[in-house]
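Engineer: Listed below are the residues making up each chain.
There are 2 protein chains.
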Amino acid sequence: MSGRGASVGSRRVRVELGDRSYPIEIGWQNLEGVGDAIKRHTGASQAAVLTVPPVARRHAVRVVRSIRDAGLRAKRFEVPDGERSKSLAQAGKLYDALLEAGAARDTVVVAVGGGVIGDLSGYVAATLLRGLPFVQVPTSLLAMVDSSVGGKTGVNVRQGKNLVGAFHQPRLVWIDAHTLTTLPPRQRSAGMAEVIKHAAIWDARLFARLESEIERVMALEPEVLLPVLERNCQIKAEVVSRDEREAGLRRLLNFGHTLGHAAEALKRYRGLLHGEAVAMGMVYAARRCEAMELCPKGTSDRLSALIERAGLPLELPAFPRKAYLTAVRADKKREDARIHFVALRKIGRAETVPLLPEEIVPAGARIGSGAKRGSGGSG
Amino acid sequence: MSGRGASVGSRRVRVELGDRSYPIEIGWQNLEGVGDAIKRHTGASQAAVLTVPPVARRHAVRVVRSIRDAGLRAKRFEVPDGERSKSLAQAGKLYDALLEAGAARDTVVVAVGGGVIGDLSGYVAATLLRGLPFVQVPTSLLAMVDSSVGGKTGVNVRQGKNLVGAFHQPRLVWIDAHTLTTLPPRQRSAGMAEVIKHAAIWDARLFARLESEIERVMALEPEVLLPVLERNCQIKAEVVSRDEREAGLRRLLNFGHTLGHAAEALKRYRGLLHGEAVAMGMVYAARRCEAMELCPKGTSDRLSALIERAGLPLELPAFPRKAYLTAVRADKKREDARIHFVALRKIGRAETVPLLPEEIVPAGARIGSGAKRGSGGSG
Chain X
1 MSGRGASVGS RRVRVELGDR SYPIEIGWQN LEGVGDAIKR HTGASQAAVL TVPPVARRHA
61 VRVVRSIRDA GLRAKRFEVP DGERSKSLAQ AGKLYDALLE AGAARDTVVV AVGGGVIGDL
121 SGYVAATLLR GLPFVQVPTS LLAMVDSSVG GKTGVNVRQG KNLVGAFHQP RLVWIDAHTL
181 TTLPPRQRSA GMAEVIKHAA IWDARLFARL ESEIERVMAL EPEVLLPVLE RNCQIKAEVV
241 SRDEREAGLR RLLNFGHTLG HAAEALKRYR GLLHGEAVAM GMVYAARRCE AMELCPKGTS
301 DRLSALIERA GLPLELPAFP RKAYLTAVRA DKKREDARIH FVALRKIGRA ETVPLLPEEI
361 VPAGARIGSG AKRGSGGSG
Chain W
1001 MSGRGASVGS RRVRVELGDR SYPIEIGWQN LEGVGDAIKR HTGASQAAVL TVPPVARRHA
1061 VRVVRSIRDA GLRAKRFEVP DGERSKSLAQ AGKLYDALLE AGAARDTVVV AVGGGVIGDL
1121 SGYVAATLLR GLPFVQVPTS LLAMVDSSVG GKTGVNVRQG KNLVGAFHQP RLVWIDAHTL
1181 TTLPPRQRSA GMAEVIKHAA IWDARLFARL ESEIERVMAL EPEVLLPVLE RNCQIKAEVV
1241 SRDEREAGLR RLLNFGHTLG HAAEALKRYR GLLHGEAVAM GMVYAARRCE AMELCPKGTS
1301 DRLSALIERA GLPLELPAFP RKAYLTAVRA DKKREDARIH FVALRKIGRA ETVPLLPEEI
1361 VPAGARIGSG AKRGSGGSG
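Protein chains in written order, with the working numbering: chain X, 1 to 379; chain W, 1001 to 1379.
Don't take each hint at face value.
Below 25 Å or equal to it, Euclidean Cα-Cα: the simulated BS3-like pairs (lysine-lysine) are [said to hold, decoys possible]:
hint, chain 1, residue 1, chain 2, residue 2
1, W, Lys1093, X, Lys93
2, W, Lys1322, W, Lys1267
3, W, Lys1297, W, Lys1267
4, W, Lys1161, X, Lys93
5, W, Lys1075, W, Lys1093
6, W, Lys1322, X, Lys161
7, W, Lys1161, W, Lys1322
8, X, Lys322, X, Lys267
For the record, the hints were derived by calculation from the structure and aren't laboratory data. Bear in mind the structure is a predicted one, so any value in this text is a computation, not a measurement.
Make a model of the complete structure from these sequences and hints.
Structural biologist: So, in structure tokens, the structure goes:
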């Protein structure tokens, strides 16, 4: 695969945000170039490379080498893998470790890994010394197409996920799609949920392309994969450029998140990947939209079919309706009583609809594995 | 005094920062108007009012009442007074308390008190839900003329003060100078250190005005006090507008801070107010500048005389030269080996000079009470 991939040209997507604009570089086996790019885009003289064991460490070691080859000092810092590392306590440990190692205003923070390390590192970069330059080197599919772009950083607190955080745009996002070959299949599927989400809310052509060749994307054939990554980054970049702080448009990216977040909270963030939760939440939302006649009949079946081919679960974990209702109410996007629910109007188009929690999870709603099309399940 | 003050007109200074511009309202017994202003400038529907006991609480109660009168929900939150509250742990407690109380994106965070509550509240506002609108109601002189304007927020960590933080501009700064009548004299003096600092680095006319009537300012005569507050806010606003992120010009505001921070660190932030430390640091810096022939002879005497009239100490606490050298080196403004030392060139003008720690604290430097003009002392 790498032999074929080596001939695949790299691509660039630009996130337009005035003087905070930045490029997303997408390539195949391009990791040795990241050091020069970091130097060029940040002007830093030293780098703190944050990563998680075990897999990302291998990529991080190469990132550190590339940074040193570019003439910067570089040091690697590891945090335990998993959502639990996205905590104030872990951020506190990193502040200490980075300061002890001499972090100063000339230091760039570089995240190598998936969404957890990206969100946590970005938060540390946003808050250490009132903001240090930040670079994302995502090595999971979810991070490549979603979390590494857009400047959302954060940690979790007792009351919920990402409730503490900051908007802090990276100076550069550097994607080596070849790193996905080391990603466990379940993580790969979870990332595909965000790819499908982008297509569903924004781009019917991308959706159709996925319907014709999702298996080749999942198999990481670079000729198919790289254009899909590029298109996803374009969509994310366009939405973020037009609404950096999620005042409106950017909320569309929360498609599937209302019930997805609720499911994650009810499962106490255990046993469910974020992408899996979003997949289930999208299926639920699409069915709900059909029932409310917000989108044509058959829309949810088309979405479900693609999600299933990505190896993702369709049905939310089984909890009483009332538990879901409470979890939905607790969601941070609440203003007054109504929720900005992202409704699918047809494949390729979504809009937010202000709904009461009771409209999103109506009396008699069937939620949970086995309720209908009992395939997925949360594992 | 309030009888006379009631006829003193309020003043407005605008901090120009594009779409993040905001007004500073300066008045006398104007606290009942803050609620309407908060509503107008934030559009929030509820407010979390953060304060410290015992004195600020009295003002905070009136702020809460004014906010409720404007039709918003409002709730008061108290943290212990003192620099130790500027911690990640205290921020964590506030995240919990605010979220439990229903904080959402429609919530404005309002700080009522001095620099500690302002810095801490601003940091919580910057990071809770990725940034909530923020309003400063400073009730200490230091906060009115310095820390409430400019968007610097932060907490202390083991390695030093304000090493974790964010730039987060308030939407409004509301100053009721009458609240200074409840400020202990020592705190009033500490605030005067920042007033004198602004005059020394930026405005020879203000310096001369202070030389002619500093006692009337200290006595809080509104006719004299309000114009001085206004001019100080103008200076701070001008510097911040031209250099929000402290890339250059804003560094001038750190006059006296290199040795001041060192003294605070050596005293482990006990027994020394920030303004006192800055006062001592300014005297040291001015003498050092004279010795290096960076400013005319007599400059430091003129500065010392004014500082002394403000009831402030002149001499840094006694620690070995080597201890100061180590503390200066650890200062966060270090890049490579040199420090952006703020040098006084004459009364009313300063500039940054890159100096080695050894040049700032040279061999044979006499530091500490009794070294020379043994008046002040750190108490």
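Engineer: Measure nothing beyond the straight line between the CA atoms of W:Lys1093 and X:Lys93; if it is 25 Å or shorter, mark the hint as holding.
Structural biologist: Holds, at roughly 18 Å.
Engineer: So if I understand the rule, the pair passes when the alpha-carbon distance is 25 Å or less; does W:Lys1161 with X:Lys93 pass?
Structural biologist: Holds - the C-alpha atoms of X:Lys93 and W:Lys1161 are around 16 Å apart, at most 25 Å.
Engineer: Is W:Lys1322 within 25 Å of W:Lys1267, Cα to Cα?
Structural biologist: Holds: W:Lys1322 and W:Lys1267 sit about 15 Å apart, inside 25 Å.
Engineer: Given the hinted pair W:Lys1297 and W:Lys1267, is their Cα-Cα distance within 25 Å?
Structural biologist: violated (31 Å)
Engineer: Hint check: W:Lys1075 vs W:Lys1093, CA-CA at most 25 Å. Holds or violated?
Structural biologist: holds (16 Å)
Engineer: Are the Cα positions of X:Lys322 and X:Lys267 separated by 25 Å at most?
Structural biologist: Satisfied, since the Cα-Cα distance of roughly 15 Å is no more than 25 Å.
Engineer: Quick one, are W:Lys1322 and X:Lys161 close enough, alpha carbons at most 25 Å?
Structural biologist: Roughly 47 Å separates the two Cα atoms, so the pair is violated.
Engineer: Assess, step by step, whether the Cα of W:Lys1161 is no farther than 25 Å from the Cα of W:Lys1322, and give holds or violated.
Structural biologist: Distance of about 20 Å is within 25 Å: holds.
In this structure, the earlier hints numbered 3 and 6 are contradicted, and the remaining ones agree with it.
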